[in-house]
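Asks: Spelled out from the first residue to the last, the chains are:
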Amino acid sequence: DSGVTQTPKHLITATGQRVTLRCSPRSGDLSVYWYQQSLDQGLQFLIQYYNGEERAKGNILERFSAQQFPDLHSELNLSSLELGDSALYFCASKRLDTDITEAFFGQGTRLTVV
Amino acid sequence: GDSVTQMEGPVTLSEEAFLTINCTYTATGYPSLFWYVQYPGEGLQLLLKATKADDKGSNKGFEATYRKETTSFHLEKGSVQVSDSAVYFCALRAGTALIFGKGTTLSVSS
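Protein chains in written order, with this note's numbering: chain A, 26 to 139; chain B, 1088 to 1197.
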């Protein structure tokens, strides 16, 4: 158990809908990262938050947004969903954003858009 | 930009066989390098890491050496087990995020 909790584990929704994925980082970790894992693109970095502030952006679509709350949990919001958004979404956390310690990953939320 | 290339799978081996999964990278400077493993139905777990040239990371019988001259970080294990069946990802640290290779599926049969 990595200590990173993601909910829900599975989500099935229709095209055009909006969903929210939740991530609770390990206790004390200030950095949260979101990744998307799809068959065609592999593992892609979406966005990073550090202590409530957006720190880095990767290949995140404009239809997607994220935030990190004062209690350090994070939510990834996906809107106007398309079939191609079906993927496994991982959250990872680290204590800081400048150290070189490894990130700890949650088990992921599998999103299926039908 | 920074990138990681790893050998395509799947890799199918018999128990106790020798494993090599190739990984090369393109990056500015000398990034930290990682191998992550994803067991079926689970999230990624850090397997090993190396932070500078010639460092050797090792864990659970797996090893990888950071080769600056060949920009490589190949994963090896002398004798694989059925329980090693998983997807293996090579990654480098770019800024504060990780850039992953596409993953290599390893299947070990008894």
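Calculated directly from the structure, the hints in this document are not laboratory data. Check the hints yourself; a few may be wrong.
[Stated by the list, open to error] Below are the SDA-like pairs computed for lysine to any residue, each with C-alpha atoms no more than 25 Å apart in a straight line:
hint	chain 1	residue 1	chain 2	residue 2
1	A	Lys34	B	Gly1128
2	B	Lys1189	A	Ser111
3	A	Lys34	B	Lys1143
4	B	Lys1189	A	Glu107
5	A	Lys34	B	Asp1089
6	B	Lys1189	A	Gln66
7	B	Lys1189	A	Leu113
8	B	Lys1189	B	Gly1116
9	A	Lys34	B	Ser1172
10	A	Lys82	B	Asp1089
11	B	Lys1189	A	Pro95
12	B	Lys1189	A	Asp96
13	B	Lys1139	B	Lys1164
14	B	Lys1189	A	Ser63
Asks: Against each hint, give a clear statement of whether it holds in the structure.
Replies: Structure-based check of each hint:
1. A:Lys34 with B:Gly1128: holds, 10 Å
2. B:Lys1189 with A:Ser111: holds, 17 Å
3. A:Lys34 with B:Lys1143: violated, 35 Å
4. B:Lys1189 with A:Glu107: Measuring from Cα to Cα gives roughly 23 Å; hence the hint holds.
5. A:Lys34 with B:Asp1089: Given pair Lys34 (chain A), Asp1089 (chain B) is violated - Cα atoms ~31 Å apart, limit 25 Å.
6. B:Lys1189 with A:Gln66: holds, 8 Å
7. B:Lys1189 with A:Leu113: holds, 14 Å
8. B:Lys1189 with B:Gly1116: holds, 22 Å
9. A:Lys34 with B:Ser1172: Holds: Lys34 (chain A) and Ser1172 (chain B) sit about 22 Å apart, inside 25 Å.
10. A:Lys82 with B:Asp1089: holds, 15 Å
11. B:Lys1189 with A:Pro95: Answer violated: Lys1189 (chain B) to Pro95 (chain A) is near 34 Å, above 25 Å.
12. B:Lys1189 with A:Asp96: Violated, because 33 Å separates the two Cα atoms, which is more than 25 Å.
13. B:Lys1139 with B:Lys1164: Roughly 21 Å separates the two Cα atoms, so the pair holds.
14. B:Lys1189 with A:Ser63: Distance of about 10 Å is within 25 Å: holds.
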